[in-house]
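Protein sequence lines, in the order shown, are assigned to chains A and B. To convert, count from 1 in the first sequence and add 1452; that's my numbering. To convert, count from 1 in the second sequence and add 100; that's my numbering.
A few of these clues could be false.
[Claimed, not checked] Beta-carbon label-pair distances, calculated as ranges: (1) Val-1822/A to Ala-119/B: 20 to 30 Å; (2) Asp-1531/A to Trp-116/B: 53 to 63 Å; (3) Leu-1755/A to Pro-120/B: 34 to 44 Å; (4) Leu-104/B to Gly-1807/A: 19 to 29 Å.
Keep in mind the hints are simulated off the structure, nothing from the lab. C-beta atoms are modelled at their ideal positions from N, C-alpha and C, and glycine is treated no differently.
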Amino acid sequence: MPNNISAGDTAWLLASAALVMLMTPALGFFYGGLVRRKNVLATIMHSFFILCLISVQWVLWGYTLAFGPDHGGIIGGLDWLALRGVGQDPGPYAPTVPHEAYMVFQMMFAVITPALITGAFAERKRFKAFVVFTLLWATFVYDPVAHWVWGGGWLGQLGALDFAGGTVVHITSGVSALVAALVLGRRVGYGRDALEPHDATMTVLGASLLWFGWFGFNAGSAITAGGLAANAFVVTNTAAAMAALTWMTVSWLHKGAPSVLGAAAGAVAGLVAITPASGYVDVSASILIGLGAGVFCYTAIQLTKRLKVDDALDVFGVHGIGGAWGALATGIFATVAINSGAKDGLVYGNPGQLGIQAIAVAASIIYSAVMTFVILKLIDVFVGLRVPENEEVLGLDASQHREAAYQI
Amino acid sequence: MEILAFVSFAVLVVAWLVAPSRGNVAVVSHAEDRKAA
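Looking at chain A on its own, in the form it has when it is part of the complex (with noise of 0.2 Å):
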């Protein structure tokens, strides 16, 4: 077995696994620069503290859930507890790679998905609160869907076609924000105060950082260091960098002024729509997802704001519209001519992809919602989901950590 394992393949997947890991805190800046001063702490940490809490959580009980050999199609057993049994051999999702490479790259994943709910319930969580929600959700939700993708459970076998995570990712992460944002209620001085940004460079800067970790994320789903791992980093460029242009010029046209957070956003919108489709559509279709991204995604938000609903840094409208517009784009656009393991979408003249690909998004839309609703009630009534409004309106930095991020 070690014979099989190719030093091009490992090298890439471990700076891979490298670049995903920085999208973590990356977010945290891209977020942090979005709340108000007195909250800017208590947003990066929220994704810095996702860092370490998965990490842990993944290699005791995540990896073998998602990924462990199959129950029913539905999670993965615990035959690789505690990496029990992962090592330096090759598994059997990548026979090139060394077992424990294949899991530290899937471990990103796994940190990054709870990561992008926190900017729904951004300013008024709990930190305690925060703390066993991440947990139950990735045990809960991300790990069995995850399973159901990629570990050989129910949509793999169906067929579903998810690259790097549109479903698992992104819809997961996408839904549950809104549900949060539902279920925690507005912000104090919604709709009244102005809950600007404090620092909008903070926030370029880690969309930045995002979209340079984001080669990681989908050419490194390739697993391999060779031309499919080569179209995902061009499609990924093309439709950050379409969508990006779209979302300014559509704010442009709405509100009358390019937006530097509109770029910003639209980059982030772009990559979440490319994530499934990366390592089985062309540039010109990678042209027509960013496009679309850019227009769907804003549009969501639009929409969000007009019911009120305080999702407080578009969670919903970024990844929850995106990933589904870019599961749903995967069903179009797919081709075999850009990968040969797969199959050809809607535009290649099967319609039937586009329709696994709707049941795949809409099995991951009711399994999360369903499921973050019931843990967020739990906790509500075991730990409280929100700060007082006192502590709330002194801001989360010095209620909950007793810090304060800048001093001058």
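With chain A held as given, fit chain B onto it using these hints.
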């Protein structure tokens, strides 16, 4: 599909040409007032 890709990019370029190009007059005036003061 290549044609659609070119067309969608061209639509954006046209949108930039027709998009409003005036600055925020209130902010500009305020800045000028402060400069004069």
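To see whether the hints hold, each was checked on the structure:
no. : hint                                : verdict
1   : Val-1822/A to Ala-119/B: 20 to 30 Å : violated, 43 Å
2   : Asp-1531/A to Trp-116/B: 53 to 63 Å : holds, 56 Å
3   : Leu-1755/A to Pro-120/B: 34 to 44 Å : violated, 23 Å
4   : Leu-104/B to Gly-1807/A: 19 to 29 Å : holds, 23 Å
Checked against the numbered hints above, the structure violates hints 1 and 3; every other hint is satisfied.
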